[in-house]
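Novice: We have chain A; now place chain F onto it with these hints.
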Amino acid sequence: MFYIHHTSCISPQQTFAEINIDLLKDAIENKLRAAEPSYEGIPTGVLRRMGKAVRMGVGTALPLIKRITKPVNGIIIGTANGGMEDCIKFLNQIIDYDEGMLAPGNFVQSTPNAIAAQIGLLTNNRNYNITHVHRGLSFENAMMDAAMMLKEYPANSYLLGGIDEISTYNYNIEWLGGWYKKEPVSISDLYQKNSQGSIAGEGASMYIVSAEKLNALAAVDDVLILHSTNEEIITSQLKAFIDKNAKGGNIDLLLTGENGDSRLLKYYTAAEKLVDKDTSVARFKHMTGEYTTAAAFAVWLACEILSGMKIPGHLIKYKANSNFNKRILIYNNYKGLQHSFVLINKVE
Amino acid sequence: MSRIFVTGIGVISAIGNNLAENHLALKAGECGIADLHLFPSKYAGVLPFGEVKLTTKQLKEKLSAAEPGVTRTSLIALHAFNEAIDHAQLTAAQITASDTALIGASTVGGMCLTDELYHDANRTDQGSEYLSSYDCAAVNIYLQARAGINGIVNTINTACSSSANAIMYGARLIKSGHTRRAIVGGADSLAKFTINGFNALHILSDQACTPFDANRKGLNLGEGAAFLVLESEADANGKKIYAELTGYANNNDSFHPSSLSENGEGPFLSMKTALEKAKLLPREIDYINAHGTGTENNDEVESRAMLRLFETVPAFTSTKSNTGHTLGAAGAIEAVFSILNLTHQEIYPGLHFHFPISTTRLQPELNYRKSTLKNVMSNSFGFGGNCTSLIFSKA
Numbered sequence: 001m002f003y004i005h006h007t008s009c010i011s012p013q014q015t016f017a018e019i020n021i022d023l024l025k026d027a028i029e030n031k032l033r034a035a036e037p038s039y040e041g042i043p044t045g046v047l048r049r050m051g052k053a054v055r056m057g058v059g060t061a062l063p064l065i066k067r068i069t070k071p072v073n074g075i076i077i078g079t080a081n082g083g084m085e086d087c088i089k090f091l092n093q094i095i096d097y098d099e100g101m102l103a104p105g106n107f108v109q110s111t112p113n114a115i116a117a118q119i120g121l122l123t124n125n126r127n128y129n130i131t132h133v134h135r136g137l138s139f140e141n142a143m144m145d146a147a148m149m150l151k152e153y154p155a156n157s158y159l160l161g162g163i164d165e166i167s168t169y170n171y172n173i174e175w176l177g178g179w180y181k182k183e184p185v186s187i188s189d190l191y192q193k194n195s196q197g198s199i200a201g202e203g204a205s206m207y208i209v210s211a212e213k214l215n216a217l218a219a220v221d222d223v224l225i226l227h228s229t230n231e232e233i234i235t236s237q238l239k240a241f242i243d244k245n246a247k248g249g250n251i252d253l254l255l256t257g258e259n260g261d262s263r264l265l266k267y268y269t270a271a272e273k274l275v276d277k278d279t280s281v282a283r284f285k286h287m288t289g290e291y292t293t294a295a296a297f298a299v300w301l302a303c304e305i306l307s308g309m310k311i312p313g314h315l316i317k318y319k320a321n322s323n324f325n326k327r328i329l330i331y332n333n334y335k336g337l338q339h340s341f342v343l344i345n346k347v348e
Numbered sequence: 349m350s351r352i353f354v355t356g357i358g359v360i361s362a363i364g365n366n367l368a369e370n371h372l373a374l375k376a377g378e379c380g381i382a383d384l385h386l387f388p389s390k391y392a393g394v395l396p397f398g399e400v401k402l403t404t405k406q407l408k409e410k411l412s413a414a415e416p417g418v419t420r421t422s423l424i425a426l427h428a429f430n431e432a433i434d435h436a437q438l439t440a441a442q443i444t445a446s447d448t449a450l451i452g453a454s455t456v457g458g459m460c461l462t463d464e465l466y467h468d469a470n471r472t473d474q475g476s477e478y479l480s481s482y483d484c485a486a487v488n489i490y491l492q493a494r495a496g497i498n499g500i501v502n503t504i505n506t507a508c509s510s511s512a513n514a515i516m517y518g519a520r521l522i523k524s525g526h527t528r529r530a531i532v533g534g535a536d537s538l539a540k541f542t543i544n545g546f547n548a549l550h551i552l553s554d555q556a557c558t559p560f561d562a563n564r565k566g567l568n569l570g571e572g573a574a575f576l577v578l579e580s581e582a583d584a585n586g587k588k589i590y591a592e593l594t595g596y597a598n599n600n601d602s603f604h605p606s607s608l609s610e611n612g613e614g615p616f617l618s619m620k621t622a623l624e625k626a627k628l629l630p631r632e633i634d635y636i637n638a639h640g641t642g643t644e645n646n647d648e649v650e651s652r653a654m655l656r657l658f659e660t661v662p663a664f665t666s667t668k669s670n671t672g673h674t675l676g677a678a679g680a681i682e683a684v685f686s687i688l689n690l691t692h693q694e695i696y697p698g699l700h701f702h703f704p705i706s707t708t709r710l711q712p713e714l715n716y717r718k719s720t721l722k723n724v725m726s727n728s729f730g731f732g733g734n735c736t737s738l739i740f741s742k743a
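Respectively, the protein sequence lines represent chains A and F.
For reference, each letter of the first sequence is one residue, going 1 to 348 in our numbering.
For reference, each letter of the second sequence is one residue, going 349 to 743 in our numbering.
For reference, chain A alone in the conformation it holds in the complex (with noise of 0.2 Å):
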């Protein structure tokens, strides 16, 4: 499908400039709140108007466009909700000033593809610029998205970008949805409480990719989205798509979305029975909490791997005997009903 040339994370955890991902930050009144920069690059004036969700975004982009000399033929961005504290805000304004007149700032931040925007409007860019908002399947479709662009265009390369941020209204939402635990946790037993609903998450995770073999980080070679709650129907996909990438090699690591939800468990402890047992098994949402474009991280914390970090402990759900660390696949799933499995390859 496509190569990842450089990458770029913000998120609760030291995966920014000086990556150290061996002691993890807690969470807080189960929120993994994410871990920002001062956000060099960022003209002051700008950065005080961003909203969150804007500023990881343009936050983790401006660093690799720095690095490249080729301006990206697009901008290529996953967010479910954007500026969701923007837009919260903007509606808490119309209610509590019965529809007075409003300033429009918190309005124009809170559109989704603000994000995608602003990382255009500042680095000048005026090629191919989407926001893709399918809650749970965000990244993944604007993975496919690029996919399908370097396909068409194998020349060109992509701004590629998965963001969303906890905002107090959104954490309400999901709460009184049942989506975040009711006791409060510690990322460390996340995975042992046997209740339902999990922490509340949110970072950036942006990347380059173009065809280019050369130099890669990582390879990107399939990517399957699916919405369903059937367990069998999401199993048998999962090893059609395994089976299809067989001729590949063994898959040395799963990388699951498992995020100690009790409803969700069974999706991952079925995922986890097709792969062998030369195959590891490992979870990052203590690291991240939940929220809808975690697989942005996931990819993220592959190429890591794939560049030869040594894979922490906590990770850690099943270690095969295999030392091997070339071929990943992610299985993540939002609430049940979104699945998408992603396999990433170590280039050779």
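Derived by calculation from the structure, the hints in this document are not laboratory data.
Just to be clear, a hint being listed does not mean it is correct.
[To be verified] Using 25 Å as the maximum straight-line C-alpha spacing, the simulated SDA-like pairs for lysine to any residue come out as follows:
| # | chain 1 | residue 1 | chain 2 | residue 2 |
| --- | --- | --- | --- | --- |
| 1 | F | 523 | A | 1 |
| 2 | A | 335 | F | 471 |
| 3 | F | 588 | F | 434 |
| 4 | A | 244 | A | 152 |
| 5 | F | 588 | F | 439 |
| 6 | A | 335 | F | 495 |
| 7 | A | 239 | F | 528 |
| 8 | A | 25 | A | 186 |
| 9 | A | 335 | F | 415 |
| 10 | A | 239 | F | 441 |
| 11 | A | 319 | A | 276 |
| 12 | A | 335 | F | 414 |
| 13 | F | 405 | F | 464 |
| 14 | A | 277 | A | 318 |
| 15 | F | 620 | A | 124 |
| 16 | A | 89 | F | 391 |
| 17 | A | 266 | A | 317 |
| 18 | A | 181 | A | 263 |
| 19 | A | 89 | F | 466 |
| 20 | A | 181 | F | 479 |
[Unchecked claim] The calculated label-pair distances, taken between Cβ atoms and stated as ranges, are:
| # | chain 1 | residue 1 | chain 2 | residue 2 | range |
| --- | --- | --- | --- | --- | --- |
| 21 | A | 263 | F | 375 | 45 to 55 Å |
| 22 | F | 562 | A | 19 | 52 to 62 Å |
| 23 | A | 66 | F | 496 | 41 to 51 Å |
| 24 | F | 496 | A | 250 | 29 to 39 Å |
| 25 | F | 644 | A | 317 | 57 to 67 Å |
| 26 | F | 582 | A | 18 | 46 to 56 Å |
Virtual Cβ for every residue (Gly too), placed ideally from N, Cα, C.
Specialist: Showing chain F alone in chain A's frame:
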């Protein structure tokens, strides 16, 4: 790569609940912009809006949509979706096949329920039935569940060009072999949220909008939905073909979050690149369904971009003078209208125009007439500089 044919279309807007009604209203030059009845708002009776003339209750009954949490946006989406798949005569097996994609667009999603969202977001009491209905994706996820779609499902939000991009994306999925057919379109309903947002930007007109008129006062918000069924050449063979999608392009204006650059670089690029994609010369475009919102900024910039690209600007109108600006649905609704131009070989009158803009002197078509049309262009430009142009050609 396969050619892309449109084999089904469905639409609901302020000027009609289906394709036939919209067609008659366009021919007759009807304007659907009027008083707001949908919900109480300070701006009801002050500003006019393009409402779909069915209440949410009527839509629920008509569509047998008794699911908890279903919103007006999802209902009008389903209404247009049903008409499109009906016209395309898709079988149940085709709709649920893994090679049928659903690509939708929405900018409002379930935020049409502004008050409910306020209560849920501020956790003022128990959660409402709409907790998972507010986001843009909720509309398509509803259609996916309702129709049993098993293929690729995606939602796009590039503000006011969202559903033009959904059409483009569906075509690319077919061309790249990811899917055989794609049901593409968009829906948005009126919301206190968008009314207050656009009002805060001072771009809402207190009268029916007057696109491309020198004295234009701004836009009117509207609501509606449209869906198109796109099929590959092989699959469309033997079916009624409404049009061929020959060109599309998405470019960014890269100028300002909520207004277009003076020379319309983004609009110019999207029109030009769509022509290149279609392998057409500017003079081969016979009609343009302009973005034409009726705002000071858009109409002058779009005019300038058209003047830059076309030696002689083709016949053009903005159907937002009929429907109001339907935001995320506009690209799809106007694509359907452009296809009506093609299939009936007609040009419909642009409304409320009196005097051309002094700097650009362009005048939209004002009268109904028959015309030989081979290629028509539909423009959609959004906040964030997101510009998309589509070209449909007579099949």
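Novice: Each hint: holds or not?
Specialist: Consistency of the hints with the structure:
1. In summary, the hint linking residue 523 of chain F to residue 1 of chain A is supported, as the alpha carbons are separated by about 15 Å, within the 25 Å threshold.
2. Distance check on the hinted pair: residue 335 of chain A and residue 471 of chain F sit about 21 Å apart at the alpha-carbon level, within 25 Å; holds.
3. Simply put, residue 588 of chain F and residue 434 of chain F have alpha-carbon atoms about 12 Å apart, close enough for the 25 Å limit, and the pair holds.
4. A C-alpha spacing of about 23 Å is found between residue 244 of chain A and residue 152 of chain A, which places the hinted pair at or below 25 Å, so the restraint holds.
5. With a C-alpha separation of about 15 Å, the suggested pairing of residue 588 of chain F with residue 439 of chain F holds against the 25 Å cut-off.
6. With a CA separation close to 20 Å, the supplied pair residue 335 of chain A and residue 495 of chain F stays within the 25 Å bound.
7. Among the hinted pairs, residue 239 of chain A with residue 528 of chain F is consistent with the structure: their alpha-carbon atoms are about 23 Å apart, no more than 25 Å.
8. Between residue 25 of chain A and residue 186 of chain A, the direct Cα distance comes to roughly 10 Å. Compliance with the 25 Å bound is thereby established for this hinted pair.
9. Simply put, residue 335 of chain A and residue 415 of chain F have alpha-carbon atoms about 19 Å apart, close enough for the 25 Å limit, and the pair holds.
10. Note on residue 239 of chain A and residue 441 of chain F: the hinted pairing holds, with a Cα-Cα distance of about 23 Å set against a maximum of 25 Å.
11. At roughly 12 Å between alpha-carbon atoms, residue 319 of chain A and residue 276 of chain A fall within 25 Å of each other, so this suggested pair holds.
12. For the hint pairing residue 335 of chain A with residue 414 of chain F, the CA-to-CA distance comes to about 23 Å; that is within 25 Å, so the pair holds.
13. For the hint linking residue 405 of chain F to residue 464 of chain F, the alpha-carbon distance of about 17 Å falls within 25 Å, and the restraint holds.
14. Taken as a hint, the residue 277 of chain A and residue 318 of chain A pair is honoured in the structure, with Cα atoms around 9 Å apart against an allowance of 25 Å.
15. At most 25 Å may separate the alpha-carbon atoms for a hinted pair to count; residue 620 of chain F and residue 124 of chain A meet this at roughly 19 Å.
16. Annotation: proposed proximity of residue 89 of chain A to residue 391 of chain F holds, straight-line Cα distance about 20 Å (limit 25 Å).
17. Only pairs whose Cα atoms come within 25 Å are accepted, and residue 266 of chain A paired with residue 317 of chain A is accepted, the gap being roughly 15 Å.
18. Between residue 181 of chain A and residue 263 of chain A, the direct Cα distance comes to roughly 12 Å. Compliance with the 25 Å bound is thereby established for this hinted pair.
19. A distance of roughly 10 Å separates the Cα atoms of residue 89 of chain A and residue 466 of chain F; the hinted pair therefore holds under the 25 Å criterion.
20. Restraint check for residue 181 of chain A and residue 479 of chain F: satisfied, since their Cα atoms lie roughly 17 Å apart, inside the 25 Å limit.
21. Between residue 263 of chain A and residue 375 of chain F the beta carbons are some 54 Å apart, a value that agrees with the proposed interval 45 to 55 Å.
22. At about 58 Å, the CB distance of residue 562 of chain F to residue 19 of chain A agrees with the hint of 52 to 62 Å.
23. Distance hint check for residue 66 of chain A and residue 496 of chain F: the Cβ-Cβ separation is about 47 Å, which falls inside the suggested range of 41 to 51 Å.
24. Our hint of 29 to 39 Å for residue 496 of chain F and residue 250 of chain A holds, since their Cβ atoms are close to 35 Å apart.
25. Taken as a hint, the range 57 to 67 Å holds for the pair residue 644 of chain F and residue 317 of chain A, whose Cβ atoms sit roughly 59 Å apart.
26. Distance hint check for residue 582 of chain F and residue 18 of chain A: the Cβ-Cβ separation is about 54 Å, which falls inside the suggested range of 46 to 56 Å.
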